[in-house]
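Asks: Take a look at the letters that make up each chain.
Number of protein chains: 2
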Amino acid sequence: MRLAVIGGVAAGLSAASRARRLDPRLEIVVLEKSDSVSYAACGLPYFVAGRVGDWRDLVVYDAAYFSRERRIEVRTRAEVKEIQHARRRLELASGEHVTYEKLVIATGARQDRQAIPGSTLPLVYSMNTPAEAVRLKQQLERVKPRRAAVIGGGYIGLEAAEALRTYGWRVMLLERGADLLQREDSELTRRIATHLDWFGVDLRLGYAVKSITEGGVDDEKADLVVLASGLKPNVDLARAAGAELGQSGAIRVNDRMETSLGGIYAAGDCAESMHLVTGRHCWIPLGTTANKMGRVAGACAAGARERFPGVVGTSIVRVCGLGVAITGLSAAQARREGLQPVSVWTKSRDRARYFRGRPVEVELVADRASGRLLGGCVVGEQAVAGRINVIATALHARMSLEDFSQLDLAYAPPFAPVWDPVLMAARQLRKRL
Amino acid sequence: MRLAVIGGVAAGLSAASRARRLDPRLEIVVLEKSDSVSYAACGLPYFVAGRVGDWRDLVVYDAAYFSRERRIEVRTRAEVKEIQHARRRLELASGEHVTYEKLVIATGARQDRQAIPGSTLPLVYSMNTPAEAVRLKQQLERVKPRRAAVIGGGYIGLEAAEALRTYGWRVMLLERGADLLQREDSELTRRIATHLDWFGVDLRLGYAVKSITEGGVDDEKADLVVLASGLKPNVDLARAAGAELGQSGAIRVNDRMETSLGGIYAAGDCAESMHLVTGRHCWIPLGTTANKMGRVAGACAAGARERFPGVVGTSIVRVCGLGVAITGLSAAQARREGLQPVSVWTKSRDRARYFRGRPVEVELVADRASGRLLGGCVVGEQAVAGRINVIATALHARMSLEDFSQLDLAYAPPFAPVWDPVLMAARQLRKRL
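For the protein sequence lines, the chains are A and B, in the order given.
Going by our numbering, the residue at position 82 of the first sequence is 82; the numbering climbs one at a time, nothing skipped.
Going by our numbering, the residue at position 25 of the second sequence is 25; the numbering climbs one at a time, nothing skipped.
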C-alpha cells in the first residue's frame with residue numbers, strides 16, 4: 001500500500017514518520033513543492049534577529065535522512081497540481097502522476113499577498129519561508145537602519161518588531177484590529193502596548209493598511225515593510241478535490257484527522273481542530289498542533305486507531321524580552337460563546353523576593369454559571385510557559401475554578417512563591433464568582 | 001464567638017486571617033509558644049546559606065500587624081499546655097486559661113531529638129526554627145570550614161548540604177533509607193547522587209546513625225552535625241484532648257479540616273491530608289499545603305462551607321544548583337498500592353538549542369490497567385517547577401496518559417522545544433502501556 005503526503009514540514013513529516021513506525025511495509029512518499037523540508041519554521045524570526053547564524057541550523061533532518069533512516073521517499077520541488085481522488089492519484093506540476101491508497105494533506109498556510117496592493121514590491125518582506133527570511137536578513141545586514149513598518153499584530157508581527165529593533169530600526173507596528181494576538185482582551189493588549197512603547201515600537205491599533213508603495217505604507221514613510229498578516233489555510237488542492245471546508249476556511253477533519261473524502265486525511269496549518277473549551281471547530285495554526293495532528297493522521301492512515309482530541313488555544317510569544325502567553329478564552333470571547341465570564345488580573349512575584357523574584361501578571365477567566373475555568377494569560381519575564389501550561393492542563397480537564405485554586409503546585413524559595421501566581425489569581429477570582 | 005488558634009506560623013495565621021475576612025465580628029486569638037510568628041520557614045536554609053541577610057527578612061507580618069490590620073490578637077511566648085475541650089478552654093503554661101467556641105490546632109511538626117543519642121550536643125544544629133538557624137549561621141561564619149555531617153536525605157537535608165558547601169565545608173550526607181526525598185525511586189536517587197558527588201557531597205545511603213559524639217557521627221569524624229531527620233507531627237496536645245490520629249501519626253481530619261472532636265479543626269504540618277492519587281490519607285508536611293489547609297480550617301471554623309480536597313505529593317528542591325521536583329507516585333510506591341505501574345525516563349532539552357536549551361530529564365509513571373497517569377519527576381537546571389506543575393495538575397484531574405500526551409502546551413523557541421519534555425516523556429511511555 002502506498003501513502004502519499006503533500007507537504008514536507010511539521011505535519012507532513014510527522015505523519016510520514018508515524019506511519020512508517022506503525023507499518024514497516026508501507027510505501028511512503030512525501031511531496032514538497034519547495035526545496036527544503038523539515039525545518040523549524042518558528043525559528044525563522046530568530047534567524048532574522050541573528051540568534052541563529054545559518055537558517056540550515058533550523059533544519060531538523062534533510063531528505064536523505066528520511067530516505068536512509070526511515071525509508072520515506074521525500075521529493076522536493078515536487079508541486080502537486082491536482083488531487084485526482086477518483087483515480088487515487090496526484091498530478092504534479094511536471095505532468096507526472098503519483099498514485100496512492102491513502103493521502104495526507106499537509107499543505108500548511110500561506111500569506112494572502114493579494115489582500116494589500118503593493119505587497120509584492122521589493123521593500124516588502126516576510127518571515128514565512130526560509131528564502132523570504134534569508135532575503136530579509138540580508139537586507140537588514142546590508143543597509144543602515146531606518147524606518148520599518150510591520151503589518152500584523154499577531155505573534156509573527158510581534159517577533160518581527162523585536163527582530164527589527166535589534167538591528168536598530170525605528171519600528172511602526174500596524175494592526176487592523178483593536179487587539180494584539182487576536183485575543184479580544186483589551187487589558188492584555190494594554191500591557192503589551194506599554195512594553196512595546198518602552199522598547200521604541202510605535203504601535204498603531206485599528207490601522208487597516210490600504211496600500212504599500214515604494215515610499216511606505218499609506219501616508220506613513222517606511223523604507224522596509226514586513227508583512228505578518230493575512231495568513232490563510234492553504235486549501236486549494238483539498239477544495240478542488242471536493243473536501244469539505246469548515247467555517248474558518250480550513251479543512252474540516254474529525255478527531256482521526258479524516259476529511260470528508262474517504263482515505264484522505266488532513267493535518268497541520270491547513271486543517272481545523274476542535275477547540276476543547278468552546279466545543280467548536282477552530283483554526284489556530286501552530287507548529288505544536290501540526291506535529292500532534294500529523295502523528296495522528298499518519299497513525300490512522302496506517303490503520304491504527306488514534307485520535308487527536310483538540311486544542312485549548314495555548315500560545316506564547318516573546319515581545320521585546322517580555323513573555324506573553326495565552327490559553328483558552330478571554331472574557332470577551334467567552335461572552336460571544338454565550339457564557340457568563342468573570343475575570344481578574346493579579347500582579348505578584350514569580351518567586352521569593354530574596355531570589356530576585358520578578359513581577360508576573362496573571363489573568364484568569366471563569367464562567368459564573370458553571371464555575372468552570374475558561375482561560376487565562378500570563379505576562380512576565382520568567383517562568384511564563386510553565387504557568388500558562390498549568391492553566392492549559394486545567395482547561396483540558398474542564399476543571400472548576402474551585403478545584404484549580406486548590407492545586408498542589410511545587411514550592412521552594414528558588415522556584416516560586418508559597419502561593420504560586422496562578423493560585424493567587426484563582427483566589428482573587430473566586431471572590432467574584 | 002471566639003476562635004482560638006494554637007500556632008502562629010503558616011497554617012495558624014492563614015486560618016485566623018481567613019476567619020477574620022469571613023466574619024468581621026469574630027473574636028480571634030492566636031497562641032504561639034515561640035517569640036516569632038508568620039515567618040517563611042522554608043527560607044531558613046537560604047538564610048543559613050547567606051542568601052538572606054537577616055532572618056527577620058523572612059517574617060511576612062509581625063504580631064502588631066495582625067492586631068492593627070486584621071484585629072487578630074497574636075500572643076507570642078504563649079505555650080498551650082492542655083486543651084480542656086469539655087470546658088472549651090486552653091490552659092497555658094503560665095496557668096492562665098483562654099476560652100474558645102472554635103479551635104484550630106496548627107501545632108506543626110517538630111524534630112524528634114530523642115531518636116539519636118547525642119543529638120542535643122552543642123555540635124548538633126538544625127534549621128527548623130529561626131533561633132536554630134541563627135545559631136548554625138553564626139557558627140558557619142565564625143569557624144573555618146572543616147568536616148560536617150548532615151543527617152537526613154529529605155529536602156531539608158539536601159538544602160543543608162548545599163548551604164554547607166557554599167561555606168566550603170566537606171559534607172557527608174547520611175540517609176537511613178535506600179533513597180533520597182523518601183521517594184522510593186532508585187533512578188531519581190541515582191541522578192541526585194551523581195550531582196551531589198559532582199559538588200563534593202559524600203552521600204551515604206542506608207546509613208542508620210547510631211549516635212552522635214563530640215567527635216562526630218558513629219565512627220565518622222565531624223566537626224559539625226546538621227540534623228535534618230526525624231520530623232514528626234506535633235500532636236501531643238491533640239492526642240491528649242482525645243482527637244483521633246491517623247496511621248501516619250498526624251491528626252486525622254476530613255475535607256473541612258474537622259478533627260474527630262466537634263468544634264476542633266486541625267491544619268498544617270500536624271494534620272493528615274488526602275492523597276488524591278492513592279485515595280488514602282497521608283502526611284506530607286509542606287508550607288503550601290499548610291497555607292491551603294489553614295484557609296479552609298479558618299473558613300469552616302467561621303461557619304463557611306469550604307473544602308480542601310487534598311494533595312498529590314508535589315515538591316521541589318534545589319540540590320547544589322540542580323532543580324529536582326516530584327509529584328504523585330513513583331513506580332515502587334504505585335506497586336505497593338496494588339497498581340501496575342509502567343514508567344520511563346527521558347532526557348531532552350528545555351528549549352531550542354539556539355536558545356541555550358539545557359538538558360532536562362522527565363520521568364512519568366502510569367498505570368497499565370487503567371491507563372491513568374500516576375506520577376512523575378523532573379530534574380534539570382531550568383523550568384523544572386512549571387513542568388512538574390503540569391504533571392501535578394493532570395494528577396488532580398485523574399488524567400489518562402493518552403490525554404496527557406495530547407496537551408496543548410505553549411511553544412516558542414525562547415521558551416520550550418516544539419515537543420515539550422513532558423510530552424516527549426508521555427509519547428515514550430505510551431509505547432510501554
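One or more hints might be untrue.
Think about it this way: if two alpha-carbon atoms lie no more than 16 Å apart in a straight line, the pair counts; the simulated EDC-like pairs of lysine to aspartate or glutamate are [stated by the list, open to error]: (1) A:347 / A:361; (2) B:431 / A:361; (3) A:431 / A:403; (4) B:431 / A:381; (5) B:33 / B:62; (6) A:431 / B:23; (7) B:210 / B:220; (8) B:33 / B:82; (9) B:210 / B:112; (10) A:33 / A:101; (11) A:33 / A:69; (12) A:431 / B:306.
Over the 12 Å line for every Cβ pair with chain A, so calculated as not near, a few chain B residues [unchecked claim]: (13) 186; (14) 309; (15) 387; (16) 413.
Note that these hints are calculated values from the structure, not bench results.
No residue lacks a Cβ here, since even glycine has one placed at the ideal position from N, Cα and C.
Asks: Hint by hint, note whether the structure agrees.
Replies: Here's how the hints hold up against the structure:
1. Distance check on the hinted pair: residue 347 of chain A and residue 361 of chain A sit about 4 Å apart at the alpha-carbon level, within 16 Å; holds.
2. Our distance criterion of 16 Å between C-alpha atoms is broken by residue 431 of chain B and residue 361 of chain A, whose separation comes to about 39 Å.
3. This hinted pair checks out: residue 431 of chain A and residue 403 of chain A have alpha carbons roughly 14 Å apart, not beyond 16 Å.
4. The hinted pair formed by residue 431 of chain B and residue 381 of chain A fails the criterion: a straight-line CA distance of about 37 Å is larger than 16 Å.
5. Taken as a hint, the residue 33 of chain B and residue 62 of chain B pair is honoured in the structure, with Cα atoms around 15 Å apart against an allowance of 16 Å.
6. The suggested pairing of residue 431 of chain A with residue 23 of chain B holds, with an alpha-carbon distance near 15 Å, which does not exceed 16 Å.
7. Under the criterion of a C-alpha separation no larger than 16 Å, the hint pairing residue 210 of chain B with residue 220 of chain B is consistent with the structure, at around 11 Å.
8. A threshold of 16 Å between alpha carbons decides the hint, and for residue 33 of chain B with residue 82 of chain B the separation of about 13 Å falls inside it, so the pair holds.
9. Distance hint between residue 210 of chain B and residue 112 of chain B is fulfilled; the C-alpha atoms sit about 14 Å from each other, no more than 16 Å.
10. Annotation: proposed proximity of residue 33 of chain A to residue 101 of chain A is violated, straight-line Cα distance about 21 Å (limit 16 Å).
11. A distance of roughly 22 Å separates the Cα atoms of residue 33 of chain A and residue 69 of chain A; the hinted pair therefore is violated under the 16 Å criterion.
12. For the hint pairing residue 431 of chain A with residue 306 of chain B, the CA-to-CA distance comes to about 13 Å; that is within 16 Å, so the pair holds.
13. Once the 12 Å rule is applied to beta carbons, residue 186 of chain B is consistent with being away from chain A; the minimum gap is 22 Å.
14. Once the 12 Å rule is applied to beta carbons, residue 309 of chain B is inconsistent with being away from chain A; the minimum gap is 5 Å.
15. With a least CB separation of 6 Å from chain A, residue 387 of chain B falls inside the 12 Å interface cut-off, contrary to its annotation.
16. The claim that residue 413 of chain B lies off the interface is violated: its Cβ sits roughly 5 Å from the closest Cβ of chain A, which falls inside the 12 Å cut-off.
Violated hints for the displayed structure, listed by number in ascending order: 2, 4, 10, 11, 14, 15, 16.
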